[in-house]
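These protein sequence lines are chains U and W, in that order. Count along the first sequence from 1, add 26, and you get the number used in our numbering. Count along the second sequence from 1, add 4, and you get the number used in our numbering.
Keep in mind the hints are simulated off the structure, nothing from the lab. Keep in mind it's a predicted model, so treat the numbers as computed, not measured. Glycine included, each C-beta is placed from N, C-alpha and C at the ideal position. Treat the hints loosely; a few may be bogus.
Residues from chain U that face chain W, not an exhaustive set, calculated with beta carbons under 8 Å [unchecked claim]:
#: 1; residue: V52
#: 2; residue: W54
#: 3; residue: V56
#: 4; residue: R129
#: 5; residue: V132
#: 6; residue: R137
Listed next, with one range per pair, are the computed distances between beta-carbon atoms [unchecked claim]:
#: 7; chain 1: U; residue 1: I37; chain 2: W; residue 2: L449; range: 56 to 64 Å
#: 8; chain 1: W; residue 1: A284; chain 2: U; residue 2: A87; range: 42 to 50 Å
#: 9; chain 1: W; residue 1: A532; chain 2: U; residue 2: P104; range: 46 to 54 Å
#: 10; chain 1: W; residue 1: L339; chain 2: U; residue 2: W54; range: 37 to 45 Å
#: 11; chain 1: U; residue 1: V164; chain 2: W; residue 2: R432; range: 54 to 62 Å
#: 12; chain 1: U; residue 1: F93; chain 2: W; residue 2: A284; range: 43 to 51 Å
#: 13; chain 1: U; residue 1: Q184; chain 2: W; residue 2: P361; range: 48 to 56 Å
#: 14; chain 1: U; residue 1: A87; chain 2: W; residue 2: L303; range: 22 to 30 Å
#: 15; chain 1: U; residue 1: V67; chain 2: W; residue 2: F43; range: 47 to 55 Å
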Amino acid sequence: MPTEAIDPPGIQWLRVSPTYVTVRLVEWVVGNLLAVALFSVPLLLVLLGAWRWLPLWLAVALPAGMFLLALWRLVLIPRQVRAIGYAERDDDLLIRRGIFFQRVLVVPYGRMQYVDVSVGPVERGLGLCTIKLHTASVATSAQIPGLPAAEGARLREQLTARGEARLAGL
Amino acid sequence: MTEPNPTPASSAPDDDWQRVHPASPFVRGWFALAAFAYFFGRDTLERMLQGRPLIDDYLNARVLWLALGGAALLLLTVVGFVLSWFFTRYQVSGGYVRVTSGLLFRQHRQARLDRVQAIDIVQPLLARIFGLAELKFEVADAGESAVRLAYLRLKDAKQLRATILARASGAETTTAARVIGAGPPAVQRIQGAPGAAGPHGDLAGIDGSGAEPGHAPASGTEPAPASLGPGLPGSQIPASVAPTLLPREAPEWRVLTVPPQRLLGSLVLSEQTVFIVLGAATSVVVSVLTESVAFAFALIPAILGIAANYWGSFNRGFNFTAAISPDGIRLRYGLLDTRAQTLPPGRIQAIKIHQPPLWRLLGWYRMQVNVAGYGGPSAASESSSRTMLLPVGLKNDVFAMLSLVLPDPGTGQPDEVFTAGMAGLGGRSGVFDGGFVITPRRARLIAPLGWRRNGFTATDTALLLRSGRWWRELVVVPHQRTQSMALQQGPIARRFGVADVVLHTTPGPVTARLIQADVEAALALFDAQAARAREARSRQTSEQWLAQVAPAHVPSSPQTQEGPQHG
Numbered sequence: 027m028p029t030e031a032i033d034p035p036g037i038q039w040l041r042v043s044p045t046y047v048t049v050r051l052v053e054w055v056v057g058n059l060l061a062v063a064l065f066s067v068p069l070l071l072v073l074l075g076a077w078r079w080l081p082l083w084l085a086v087a088l089p090a091g092m093f094l095l096a097l098w099r100l101v102l103i104p105r106q107v108r109a110i111g112y113a114e115r116d117d118d119l120l121i122r123r124g125i126f127f128q129r130v131l132v133v134p135y136g137r138m139q140y141v142d143v144s145v146g147p148v149e150r151g152l153g154l155c156t157i158k159l160h161t162a163s164v165a166t167s168a169q170i171p172g173l174p175a176a177e178g179a180r181l182r183e184q185l186t187a188r189g190e191a192r193l194a195g196l
Numbered sequence: 005m006t007e008p009n010p011t012p013a014s015s016a017p018d019d020d021w022q023r024v025h026p027a028s029p030f031v032r033g034w035f036a037l038a039a040f041a042y043f044f045g046r047d048t049l050e051r052m053l054q055g056r057p058l059i060d061d062y063l064n065a066r067v068l069w070l071a072l073g074g075a076a077l078l079l080l081t082v083v084g085f086v087l088s089w090f091f092t093r094y095q096v097s098g099g100y101v102r103v104t105s106g107l108l109f110r111q112h113r114q115a116r117l118d119r120v121q122a123i124d125i126v127q128p129l130l131a132r133i134f135g136l137a138e139l140k141f142e143v144a145d146a147g148e149s150a151v152r153l154a155y156l157r158l159k160d161a162k163q164l165r166a167t168i169l170a171r172a173s174g175a176e177t178t179t180a181a182r183v184i185g186a187g188p189p190a191v192q193r194i195q196g197a198p199g200a201a202g203p204h205g206d207l208a209g210i211d212g213s214g215a216e217p218g219h220a221p222a223s224g225t226e227p228a229p230a231s232l233g234p235g236l237p238g239s240q241i242p243a244s245v246a247p248t249l250l251p252r253e254a255p256e257w258r259v260l261t262v263p264p265q266r267l268l269g270s271l272v273l274s275e276q277t278v279f280i281v282l283g284a285a286t287s288v289v290v291s292v293l294t295e296s297v298a299f300a301f302a303l304i305p306a307i308l309g310i311a312a313n314y315w316g317s318f319n320r321g322f323n324f325t326a327a328i329s330p331d332g333i334r335l336r337y338g339l340l341d342t343r344a345q346t347l348p349p350g351r352i353q354a355i356k357i358h359q360p361p362l363w364r365l366l367g368w369y370r371m372q373v374n375v376a377g378y379g380g381p382s383a384a385s386e387s388s389s390r391t392m393l394l395p396v397g398l399k400n401d402v403f404a405m406l407s408l409v410l411p412d413p414g415t416g417q418p419d420e421v422f423t424a425g426m427a428g429l430g431g432r433s434g435v436f437d438g439g440f441v442i443t444p445r446r447a448r449l450i451a452p453l454g455w456r457r458n459g460f461t462a463t464d465t466a467l468l469l470r471s472g473r474w475w476r477e478l479v480v481v482p483h484q485r486t487q488s489m490a491l492q493q494g495p496i497a498r499r500f501g502v503a504d505v506v507l508h509t510t511p512g513p514v515t516a517r518l519i520q521a522d523v524e525a526a527l528a529l530f531d532a533q534a535a536r537a538r539e540a541r542s543r544q545t546s547e548q549w550l551a552q553v554a555p556a557h558v559p560s561s562p563q564t565q566e567g568p569q570h571g
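Based on the provided sequences and hints, a complete structural model is requested.
Here it is in structure tokens:
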């Protein structure tokens, strides 16, 4: 992954585990299959003859469009996962994400109020975890998904130690 | 676990458990009583007005049951009120405020005094008639909404506020008031080890030799305040923290008052009025064209709603007075329901100066602030009035308020810089623009009007972000208040080589976002701001804010609040 324009120069990004793609795939399947199934209901009704007012092409186009959109998202997943990165600097943690809509977030260690480590069912199966940092601002939303459990534990300890050393007021 | 232990070493009168004013439940529950009176009184009144006998045959048979039922209901309500009063008690001691309430479901709340963010005295109309007031304070660490004490006599409420503030913030205690929010609860959760005293190293290092010898070690060894529970042993709280003398209410100096005419004018010149005028014109045209008046009746609810809205704004903003006192900025406002807010300036996270297009005619501005604990999404109208630092004011007023909340502007020419932030346009050669870095010219396609307004500049103490050609806006974020930052770029912005910088702050009306800055400039700002925030945090000086403001507004006041310092 080449560095993007808004990445601060000279940052060595640590990437999340490639197996996180699997987690995203499972989420994708659950989310998008449901959506496609939902949008297929009109088609079914038209085919069964219950709905006559809806033209057939529209009834087909709805789920087809949904499906194409889902495919597009599917194609993006590996790149999105590769775009997630984090870097520990001396005084703050950098988190980046996104390809089209990029975001680089910096959280000073002294501002962290607490660190959450959460593990979902799929993540547990793959030995991954998600680390979430909380500051006094709800807008921060700093999370690093798809960390290997060992790396997650290391990061949590590291962040905690650094946060403690640099703890500041509000 | 029903009776919380009183503090053993409490000899001062304010250490005892006290009850709120006996009339409180009646004032709070007046609606129930009014409904009651309405239900039983309406019929009687109607009969009286119509000249019919008060009790006719139809009613005669049931009057006994009605009266009995009514009496029972009334009795139950009153007994409930009395019980709820009896079981509501509060205590101020040992650096904590505790409130217990409830008969069946007992509730115990406590809040650390040195975490008090801001404190309000609220007087709804009925309470005001009886000379009562509600005391309400925001605490950074509790994670829940404000602690309320309702109702006390106004005098007692003021006294209590003075006590709390004197112990909690600037005027008396110099310790610990600054280390808020991210203190023990945060660390507890990070470490997962209760009782650890780690984070107060910096506190002791800076303030340990300060005015109160008993305080710095105390805040290092106290248990986690997040563990709100009825059984907190009082013995762990050193009694030396509590001063034995009652502090008087801190004196104050008025800074500005918003005249009612200006408030009215600001309402008339609001965007809402424009919509109303447009809407009225449309409805007149429609009714003329359709030759039907019935259409107008449909508008009545809308008119009522709008009138209520205007009234609400007027009621809230009426007689807005700002004053400064040793314990914070005092804001007073309200026509029927009055509220007196005390806002320690060190607690202000971000400031917004805003000017809608119509206000430009008269040079008016509005100021809003983010205060930790205020900005919850619930009680929107309440929080919108509480975060208002100045409902409408001239440039002088804005500068006066700014000098309170940002005592050190951090620049040699504050007038020029802030004026440029409030009204300036960049991109003209030879005109000083306060050092604002604006959107590059190449991006004017995506910001045709605003590109010369969008900009940022940093003084030594704060970051200034301005935006909006018509709806002018200037956001000021003190460096040490930056929580985290994000650099964002969408596909279109990438084509134009611009990016947004978002400064995250506590919830509130102010969002600090620099839009469409040149990528290089944004990156530089991103790095520089992180460094500035780091440096500012390491030398936080918010305690001395009064000392910094005093020369301007307070000519000579050494006698203010130094008396009852030591316990």
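Now the hints, each set against the structure:
1. V52: violated (28 Å)
2. W54: violated (22 Å)
3. V56: Check failed: Cβ of U:V56 comes no nearer than 27 Å to chain W, outside 8 Å.
4. R129: holds (5 Å)
5. V132: holds (5 Å)
6. R137: holds (5 Å)
7. U:I37 to W:L449: 56 to 64 Å: Violated, at about 31 Å.
8. W:A284 to U:A87: 42 to 50 Å: holds (44 Å)
9. W:A532 to U:P104: 46 to 54 Å: Distance hint for W:A532, U:P104 is violated at roughly 35 Å.
10. W:L339 to U:W54: 37 to 45 Å: violated (56 Å)
11. U:V164 to W:R432: 54 to 62 Å: Hint violated: Cβ distance 39 Å, outside 54 to 62 Å.
12. U:F93 to W:A284: 43 to 51 Å: holds (50 Å)
13. U:Q184 to W:P361: 48 to 56 Å: This hint holds: roughly 50 Å between Cβ atoms.
14. U:A87 to W:L303: 22 to 30 Å: violated (42 Å)
15. U:V67 to W:F43: 47 to 55 Å: 51 Å Cβ-Cβ, so the 47 to 55 Å window holds.
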